[in-house]
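Trainee: Sequence:
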Amino acid sequence: MGSRAWLAETTGAFDLHAQRRIWSLARALSHYDDVESLIPGVTNLLVLLRTTPADPDAIEYRLHQLWQQAQAVEAQGKLIDIPVCYGGEHACDLEAVCRHTGFSAQEVVRRHYQGAYTVCALGSAPGFGYLHGLDPLLATPRKQVPSLHMLKGTVTIGGPQAGVSVLTGPNGWNAIGYAEITVFDPWADSPALMAPGDRVRFVPERIEL
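All residue numbers for the sequence shown refer to our numbering, where the first residue is 1 and numbers rise by one.
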């Protein structure tokens with residue numbers, strides 16, 4: 001990823017155990033003086049060094065060694081409750097999710113809010129949290145043609161992941177509800193509502209089916 005950055009990626013599917021090992025790898029690398037910053041992604045870690053290393057092979061060797069030693073760690077994050085209006089005018093893809101999964105709208109909603117979600121990483125948009133914990137039977141591919149004006153706060157499904165849109169604009173995830181919540185505030189002391197390791201609960205405030 002350039003002369004002084006490495007992207008360490010796990011193999012396999014979107015997996016919470018692998019994500020916890022990524023956090024362990026980041027924790028180990030944080031003690032090295034030559035590391036400038038560490039940016040966890042979804043089952044990957046971007047490692048940015050302070051300078052271009054004289055021996056790139058030694059960096060790769062270090063990453064492999066630390067990965068072999070990495071143990072899955074439990075991040076001590078906070079619990080975030082998100083009140084959701086399921087269905088209604090903003091759930092423009094609920095019908096498509098029902099067609100794909102074979103479930104009724106009521107069953108899609110029930111399975112969604114009964115999930116226990118963990119924030120794996122932030123990315124894509126400022127403060128957007130990639131959430132693990134979606135019922136695998138609700139996994140629905142992202143849309144081939146994105147919505148052009150999806151409101152921030154829209155509760156979505158994208159493949160095996162759940163999310164809450166941060167910005168109003170184009171979005172290829174499937175909208176099933178809406179939350180009156182600010183996920184990212186650039187003027188706040190902590191701009192992002194979510195952080196890796198946080199737990200999220202979707203609370204059905206209203207259901208309009």
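Worth flagging that the hints you see were computed from the coordinates, not collected in a lab.
If you're wondering where the values come from, they're calculated on a predicted model, not measured in any experiment.
Don't be surprised by glycine CBs; every beta carbon is placed ideally from N, CA and C.
Heads up, some of the hints might be wrong.
Said to hold, decoys possible - Calculated pairs, EDC-like style, for lysine to aspartate or glutamate (alpha carbon to alpha carbon, straight line, at most 16 Å):
id: 1; residue 1: K152; residue 2: D189
id: 2; residue 1: K143; residue 2: D185
id: 3; residue 1: K152; residue 2: D185
Stated by the list, open to error - Beta-carbon label-pair distances, calculated as ranges:
id: 4; residue 1: G88; residue 2: G2; range: 40 to 48 Å
id: 5; residue 1: S37; residue 2: G88; range: 35 to 43 Å
id: 6; residue 1: V35; residue 2: H100; range: 41 to 49 Å
Trainee: State for each hint whether it applies.
Mentor: Outcome of the hint check:
no. : hint                   : in the structure
1   : K152 - D189            : violated, 20 Å
2   : K143 - D185            : violated, 27 Å
3   : K152 - D185            : holds, 12 Å
4   : G88 - G2: 40 to 48 Å   : holds, 45 Å
5   : S37 - G88: 35 to 43 Å  : holds, 41 Å
6   : V35 - H100: 41 to 49 Å : holds, 42 Å
Of the numbered hints stated above, those contradicted by the structure are hints 1, 2, listed in ascending order.
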